[in-house]
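A.B. asks: Chains as they are written, first to last, in numbering that gives the first Met the number 0: chain A, 0 to 157; chain B, 0 to 768.
Any given hint might turn out to be false.
Quick list of the computed label-pair ranges, beta carbon to beta carbon [stated by the list, open to error]:
(1) A:Glu123 to B:Val694: 48 to 58 angstroms
(2) B:Pro604 to A:Glu65: 48 to 58 angstroms
(3) B:Pro231 to A:Asn118: 47 to 57 angstroms
(4) B:Leu177 to A:Asp121: 49 to 59 angstroms
(5) A:Glu123 to B:Glu100: 43 to 53 angstroms
(6) B:Lys279 to A:Glu123: 44 to 54 angstroms
(7) B:Gly478 to A:Arg13: 29 to 39 angstroms
(8) A:Asn118 to B:Glu90: 35 to 45 angstroms
(9) B:Ala287 to A:Lys153: 52 to 62 angstroms
Straight line, CA to CA, 20 angstroms or less: simulated DMTMM-like cross-link-like pairs of lysine to aspartate or glutamate [to be verified]:
(10) A:Lys147 to B:Glu704
(11) B:Lys277 to A:Asp17
(12) A:Lys116 to B:Asp702
(13) B:Lys608 to B:Glu589
(14) B:Lys605 to B:Glu755
(15) B:Lys141 to B:Asp259
(16) B:Lys181 to B:Glu121
(17) A:Lys147 to B:Asp659
(18) B:Lys277 to A:Glu19
(19) B:Lys277 to B:Asp259
(20) B:Lys218 to A:Asp15
(21) A:Lys122 to B:Glu633
(22) B:Lys328 to B:Glu436
(23) B:Lys218 to A:Glu81
(24) B:Lys300 to B:Asp313
(25) B:Lys196 to A:Asp28
Keep in mind the hints are simulated off the structure, nothing from the lab.
Beta carbons: idealized from backbone N, C-alpha and C, even for Gly.
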Amino acid sequence: MALINLRVNGQEHRVDVDPETPLLFVLTDVLGLRGPRFGCGLAQCGACTVIRNGQTIRSCVTAVNEIGTDEITTLDGLGTPEHPHPIQQAFIDEGAAQCGYCLSGVILTAKVTLDAKPNATDKEIREAMDGIICRCFAHTRMMRAIRKYAEEKKHAHS
Amino acid sequence: MLTANPSRRDFLKGTGALVVSFSAFSTGAELFAQGQFGTRESNVDPKKLDSWIAINADGTVTAHTGKCDFGQGMFTAQTQLVAEELCVLIERVKLLQCDTEITPDQGTTSGSQSSPVNFNTENLAQAAATAREALVAMAADKLGLPAEQLSVAGGIVTAKSGQHVSYEELIGDKKFNLQMSKEAKRRPHKDWVVLGKPVAALERPELMTGHFEFVQYVKAPGMVHGRVVRPPAMGAKLVHVDESSVRDVAGMVKVVVRKDFVGVVAETQYAAVQAAQKLKIEWMLGPAMPEQATFFDYLQKQQGRDGLVIDSGDVDAEIAKANKVVRAKYTYAYQMHGSVGSSCAVADVKADSATIWSGTQSVYPTRSIASTMLEIPQEKIHVIFKRGSGCYGLNGADAVTLDAAVLSQECGRPVRLQFTRRDEMMWENLGSAMVIEHRAGLRTDGTIAAWDREDWAADRGGRPGYDQPGNLITGMLLGYEPAPLNPGPAKKPTGVLNNQSNTVPAYMTGCINGVCGGGGRVASERVLMHTILSPFFTGPLRSPLRIQNTFANECFMDELALAANADPLDFRLKHLGDERVRGVLKAAAEAAGWKSHPYTPRALPKKGKVTGRGISCVAYEGHNGYTGLVVDIELDLETGVVHPKRFFCAADSGPISNPDGLKNQVEGGLLQGMSRALGEQATWDDKGITSVDWVTLNSLHLDYEMPVIVTVLLNPSDVPATGAGEGSITAAPAAIGNAIFNATGVRMRTVPFTPERVLAELHKQSKTA
Numbered sequence: 000m001a002l003i004n005l006r007v008n009g010q011e012h013r014v015d016v017d018p019e020t021p022l023l024f025v026l027t028d029v030l031g032l033r034g035p036r037f038g039c040g041l042a043q044c045g046a047c048t049v050i051r052n053g054q055t056i057r058s059c060v061t062a063v064n065e066i067g068t069d070e071i072t073t074l075d076g077l078g079t080p081e082h083p084h085p086i087q088q089a090f091i092d093e094g095a096a097q098c099g100y101c102l103s104g105v106i107l108t109a110k111v112t113l114d115a116k117p118n119a120t121d122k123e124i125r126e127a128m129d130g131i132i133c134r135c136f137a138h139t140r141m142m143r144a145i146r147k148y149a150e151e152k153k154h155a156h157s
Numbered sequence: 000m001l002t003a004n005p006s007r008r009d010f011l012k013g014t015g016a017l018v019v020s021f022s023a024f025s026t027g028a029e030l031f032a033q034g035q036f037g038t039r040e041s042n043v044d045p046k047k048l049d050s051w052i053a054i055n056a057d058g059t060v061t062a063h064t065g066k067c068d069f070g071q072g073m074f075t076a077q078t079q080l081v082a083e084e085l086c087v088l089i090e091r092v093k094l095l096q097c098d099t100e101i102t103p104d105q106g107t108t109s110g111s112q113s114s115p116v117n118f119n120t121e122n123l124a125q126a127a128a129t130a131r132e133a134l135v136a137m138a139a140d141k142l143g144l145p146a147e148q149l150s151v152a153g154g155i156v157t158a159k160s161g162q163h164v165s166y167e168e169l170i171g172d173k174k175f176n177l178q179m180s181k182e183a184k185r186r187p188h189k190d191w192v193v194l195g196k197p198v199a200a201l202e203r204p205e206l207m208t209g210h211f212e213f214v215q216y217v218k219a220p221g222m223v224h225g226r227v228v229r230p231p232a233m234g235a236k237l238v239h240v241d242e243s244s245v246r247d248v249a250g251m252v253k254v255v256v257r258k259d260f261v262g263v264v265a266e267t268q269y270a271a272v273q274a275a276q277k278l279k280i281e282w283m284l285g286p287a288m289p290e291q292a293t294f295f296d297y298l299q300k301q302q303g304r305d306g307l308v309i310d311s312g313d314v315d316a317e318i319a320k321a322n323k324v325v326r327a328k329y330t331y332a333y334q335m336h337g338s339v340g341s342s343c344a345v346a347d348v349k350a351d352s353a354t355i356w357s358g359t360q361s362v363y364p365t366r367s368i369a370s371t372m373l374e375i376p377q378e379k380i381h382v383i384f385k386r387g388s389g390c391y392g393l394n395g396a397d398a399v400t401l402d403a404a405v406l407s408q409e410c411g412r413p414v415r416l417q418f419t420r421r422d423e424m425m426w427e428n429l430g431s432a433m434v435i436e437h438r439a440g441l442r443t444d445g446t447i448a449a450w451d452r453e454d455w456a457a458d459r460g461g462r463p464g465y466d467q468p469g470n471l472i473t474g475m476l477l478g479y480e481p482a483p484l485n486p487g488p489a490k491k492p493t494g495v496l497n498n499q500s501n502t503v504p505a506y507m508t509g510c511i512n513g514v515c516g517g518g519g520r521v522a523s524e525r526v527l528m529h530t531i532l533s534p535f536f537t538g539p540l541r542s543p544l545r546i547q548n549t550f551a552n553e554c555f556m557d558e559l560a561l562a563a564n565a566d567p568l569d570f571r572l573k574h575l576g577d578e579r580v581r582g583v584l585k586a587a588a589e590a591a592g593w594k595s596h597p598y599t600p601r602a603l604p605k606k607g608k609v610t611g612r613g614i615s616c617v618a619y620e621g622h623n624g625y626t627g628l629v630v631d632i633e634l635d636l637e638t639g640v641v642h643p644k645r646f647f648c649a650a651d652s653g654p655i656s657n658p659d660g661l662k663n664q665v666e667g668g669l670l671q672g673m674s675r676a677l678g679e680q681a682t683w684d685d686k687g688i689t690s691v692d693w694v695t696l697n698s699l700h701l702d703y704e705m706p707v708i709v710t711v712l713l714n715p716s717d718v719p720a721t722g723a724g725e726g727s728i729t730a731a732p733a734a735i736g737n738a739i740f741n742a743t744g745v746r747m748r749t750v751p752f753t754p755e756r757v758l759a760e761l762h763k764q765s766k767t768a
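Please work from the sequences and hints to get the whole structure.
C.D. replies: Rendered as structure tokens:
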């Protein structure tokens, strides 16, 4: 066990865990977050996605001691039910989910993609979503919500 | 009914009520023991209004339901139903779902049965209507006015004079002490203000912001973490566990061994993962699995339980007289639920009681099975539903629940258990592999004279129900046998046609002793089923057997249309009597701008892409929802890749409770059906299932360019509500298969239509051309 400092959703945490512990287990079991989820444990589905310094990572295969001082943002750190982030609002508006288990991968990957390239084409957005699995197949609504967020973002900047 | 169609599913559709049986293996005694919902007696009496509805001191309504939400929209739709019938704002309704201490036993939430069960004139709908009428009667009494002069809105009963009284003033926090009223009247469809409206799913804000409490996040005080260690092969037996191999894992709590069941418990999830990986176990392998490459032949050679669904007795004679005879054999691979989140449960088992949080579709049956396994009376076991990852049927949710309970009982502490991806996929109850053979004769006028159909379906275990722990991997490891298959010859069909597995094509009359339960016009008909013992566990996977059967039936219908030189839509309509099937078929065709003409072969270019259009329809389970579908595809002749571009789907599930929720189901069903049709199949080697992750199982990722979907929702108000979540998926593989033929002249008779298979068929065709 070792004491590790973590910056998650704008807050400092000190956790006492095996340093090899996957970040996902620390976020869910120690910090009690509900955004990142265990899907496959193999970095194949995206359910455990979190943002690390502006990039998405798969927290199920990232050891907590690799994070250092990097800022981690989770789906539940992005917004709240009362004050959703604009991309979350777009998903709410479009009803872009069924069970919703996969949403960390879907929403955070789309956000990071559009933050880096606000004018990303539909094809570019789609390609960024490779390796993300939604077994309810809410794909059509999800892409619509992402596009809606992209449009709003463009207008906000223009 | 049982003899008419020995079904492999866990319920039988009765006269609008759900009759839970344990598939065809039920004995008369079990059926007799069933209560109002076809379920067991419980502490929550479904005949009492207070079991369903309570008016709180502040006038809010608490309602109880045994039908839970896995993402299919039941939570919101049922909340709308209660708000509508009680005439209160939807915000004033709190719905509690699937909890053995609180909600009536409504069996399993599955099989397109929730809408028929709770949205017509019984159960939840009846309870809400009973409560409203009771409240109006109380108000009449209080105001000294006849009930006819009173109206209700916003939870307030008002007289024409303006006198009024609120629900909370009438009964707030007190019990109704009333029986459910069979005479209670539903509010008329034309007056609906909440029901029938596209209310946004109520959990959306929590869901989209990652604040929703999935079962994966339930935490019990003092909770530790488990992992199961499954055998390396189906049929393997435990020889020895070397507990010393995990002695050095920090935070180790216990190694659990019961018969062939092995698990570990540790203070943290990571320690449990490490212990599960390090634990040295000696297993003795069982017999090798039958080979995948020749499995369909194997299936057809086995002795099974035969069932004759219909038999007009003249099929052979009619086919012998026919102008043209068409034969075809279809096969459908084992497929998987493959939930994106691996299943999870939390169990707190004490010496003489237990509390279990589970994503199961069946809280009461799970309680019963847990009682058997734990040897704790079921009254002392509390099973609480918490949504897990979407299940699409019997995924790992039931097994993980029972596993967690065993681990907790062994270590004496609350245990959270989540499967690894491999645990989830290697041992799930697969969707059945099937072989379907068709033989039909055409008359000179191009109509179908006779249709003979025979199928072979792989079957082992399934839902455990209340009494069959061995239907799941957990039970098998603990030494329970799956429900016996009882091989034997078919009996003559009796009773009324039960087409719940869609074995009978919509074009047959479905007559048994003069009573015709089918919707079609082909009177010379025979449908024979063989249920064969599967080497792997099987169980309900969204549209169980129905998707396989509909694929074969609807593709063969196209083959018949071709043989009759007829347009596939016209040919279908010619043989369909059921107005609702005709309705969805025509609606889908109209949306697609269908142009009637027989298939004309064309020379295929050597490379590039070709396009095609296909059609299909289904009367789900015979009478439980209607779907018509047209699909346009593009096919790459060099790669064999099939790419659906547009779906036009018409759905009729009776009066719509929530058009947005229904649309979401139709869309998701189409795309899931497409993914299953194009590439999903379970694979195995001599030891067991090898499609155990997202590299080995081919689910379409989010980067796939999805087809445009046009949905047409029919909304008849004068018929009962039917199932709504499984129609579109059922129709999808057949429509895509028919579109492939339309594009290329190549008939794909095996699902999935992998690029390799498409290329192989194209190659065969070019050789014979």
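A.B. asks: Using the Cβ atoms, figure out if glycine 478 of chain B sits within 29 to 39 angstroms of arginine 13 of chain A.
C.D. replies: About 47 angstroms separates the Cβ atoms of glycine 478 of chain B and arginine 13 of chain A, which means 29 to 39 angstroms is violated.
A.B. asks: Do the alpha carbons of lysine 328 of chain B and glutamate 436 of chain B lie within 20 angstroms of each other, as the hint requires?
C.D. replies: 4 angstroms, holds
A.B. asks: With respect to the beta-carbon atoms only, verify the hint that leucine 177 of chain B and aspartate 121 of chain A lie 49 to 59 angstroms apart.
C.D. replies: 57 angstroms, holds
A.B. asks: Take the C-alpha atoms of lysine 277 of chain B and aspartate 17 of chain A, compute the straight-line distance between them, and say whether it is at most 20 angstroms.
C.D. replies: 17 angstroms, holds
A.B. asks: CA of lysine 300 of chain B to CA of aspartate 313 of chain B, is that 20 angstroms or under?
C.D. replies: 26 angstroms, violated
A.B. asks: Straight-line Cα separation of lysine 116 of chain A and aspartate 702 of chain B no greater than 20 angstroms?
C.D. replies: Judged against 20 angstroms, a Cα distance of about 17 angstroms means the pair holds.
A.B. asks: CB of asparagine 118 of chain A to CB of glutamate 90 of chain B, is that within 35 to 45 angstroms?
C.D. replies: Because 40 angstroms falls inside the window, the suggested range holds.
A.B. asks: Between lysine 181 of chain B and glutamate 121 of chain B, is the straight-line Cα distance small enough, at 20 angstroms or below?
C.D. replies: Answer holds: lysine 181 of chain B to glutamate 121 of chain B is near 8 angstroms, not above 20 angstroms.
A.B. asks: Check the hint pairing lysine 605 of chain B with glutamate 755 of chain B against an upper bound of 20 angstroms on the C-alpha distance.
C.D. replies: Satisfied, since the Cα-Cα distance of roughly 17 angstroms is no more than 20 angstroms.
A.B. asks: For proline 604 of chain B and glutamate 65 of chain A, compare the CB-CB distance with the range 48 to 58 angstroms and indicate the outcome.
C.D. replies: 52 angstroms, holds
A.B. asks: Holds or violated: 47 to 57 angstroms for the Cβ distance of proline 231 of chain B and asparagine 118 of chain A?
C.D. replies: 51 angstroms, holds
A.B. asks: Do the Cβ positions of glutamate 123 of chain A and valine 694 of chain B conform to the proposed distance bound of 48 to 58 angstroms?
C.D. replies: Check failed, 24 angstroms falls outside 48 to 58 angstroms.
In summary, the structure is inconsistent with hints 1, 7, 13, 15, 23, 24, 25 from the numbered list given earlier, while agreeing with the others.
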